[in-house]
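A.B. asks: Here is how the chains run, residue by residue.
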Amino acid sequence: DPKIIQKPKYLVAVTGSEKILICEQYLGHNAMYWYRQSAKKPLEFMFSYSYQKLMDNQTASSRFQPQSSKKNHLDLQITALKPDDSATYFCASRGTISNERLFFGHGTKLSVL
Amino acid sequence: GDSVTQTEGPVTVSESESLIINCTYSATSIAYPNLFWYVRYPGEGLQLLLKVITAGQKGSSRGFEATYNKETTSFHLQKASVQESDSAVYYCALGYGNEKITFGAGTKLTIKP
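Protein chains in written order, with this note's numbering: chain A, 1 to 113; chain B, 1 to 113.
Looking at chain B on its own, in the form it has when it is part of the complex (with noise of 0.2 angstroms):
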């Protein structure tokens, strides 16, 4: 079945400094599958962050940006300058239509001071 792969946490960086989650996926369809990043922040349910839905285009949310890569089945999310309040949980996903979304296991990001 399809599977997602992210970068093992917890993953620590202080304020300021850029930020790099790596996600790679599998897909057993031959379509392109929707690509998500998910948000848990302390206390709250997963929220959406940002979606690409065609291959080669970028998403963008909160400063956040990730790049749908086909050739290399990658979708890693990316800042520039972190806060604090990015302290969350990510997770990278993916999807088709309405069906089922296929999760990572979770990427536990916190951000020092």
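Isolated chain A, as found in the complex (with noise of 0.2 angstroms):
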């Protein structure tokens, strides 16, 4: 069973919207992060969580705002979406251990048309 759940898996939407994207862990782990990946871009870091407090954000544009509503929950909420948001989203976790490893979802792919 997948210990990180992102939904939803598959997400179309028209420009402009808004949408939020969930994600919860069920590893126990107190950092969460978000990534996102664009056609041929690398995995791109957008934040991190610490104990549902903001400690790295990497995303210029307010449009993408991070949800803590439980220590085991990263929702994002995407405001005024355009066609470049395209991409899939992916959700990790990790614990507090140094160099320990991230944990993944298996991300939701978000076209915007």
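A portion of the hints provided could be inaccurate.
[To be verified] In silico DSSO-like links for lysine-lysine, alpha-carbon gap of 30 angstroms or less:
hint	chain 1	residue 1	chain 2	residue 2
1	A	Lys41	B	Lys108
2	B	Lys108	A	Lys40
3	A	Lys40	B	Lys79
4	B	Lys100	A	Lys70
5	A	Lys40	A	Lys19
6	A	Lys82	A	Lys40
7	A	Lys3	B	Lys51
8	B	Lys51	A	Lys71
9	A	Lys7	B	Lys100
10	B	Lys108	A	Lys3
11	B	Lys58	B	Lys108
12	A	Lys53	A	Lys109
13	A	Lys19	B	Lys100
14	B	Lys51	A	Lys109
15	A	Lys53	A	Lys7
16	B	Lys70	B	Lys58
17	B	Lys100	A	Lys71
18	A	Lys71	B	Lys108
19	A	Lys9	A	Lys71
20	B	Lys112	A	Lys9
21	A	Lys3	A	Lys41
22	A	Lys9	B	Lys51
23	B	Lys51	A	Lys53
24	A	Lys70	A	Lys3
25	A	Lys71	A	Lys40
These are calculated hints, taken from the structure and not from any lab test. Predicted model only: the values in this text are computed from it and were never measured.
Put the two chains together into one complex, using the hints given.
C.D. replies: In structure tokens:
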């Protein structure tokens, strides 16, 4: 059974709309992340949270807002969607031991028309 | 910032042949980074394949090997004899402690039976 659940698996949206990508982890981790990958580009770091607090933000646009309502949740709200936002969004988590590996969800593939 | 460059895919190799996926990195810190290979099998999330945290050391897993070469800033992934089950997307990555991990674009590998 997957320990990091991302919903939905596929998402189609129209330009200008708003969507929320869901991520829940059942690994007991305190650190959660969002990454994004567009076609032919590196898997790009977006945000990291630790104990529900923002630790690092590499996303220039304020249209991307993480939301952590519970310790094991880190959703991603995207407003005013653009076609360039089309990508697969991956949620990840890890424990607090140094050099511990990341565990990833299966991703949400977002297409903005 | 940090960056990772790896063999551009897709790569197709016949079963039982040897494989090398090249990876070079550029790190901004004076400290040596930890280096990783992650893999995403069809229908699954990314998972750690192997990691090396000490320059000059070799990591291995599932018949794959990678050696941390700080002189050439490389971490190439090799396997002597691939199997059909090795078909996946492979990502080279670097990181420091529990800070964010920087990934390459991924290399899609297909093994021909």
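A.B. asks: Please flag the earlier hints that this structure goes against, numbers listed from lowest up.
C.D. replies: Violated hints: 18 and 25; rest satisfied.
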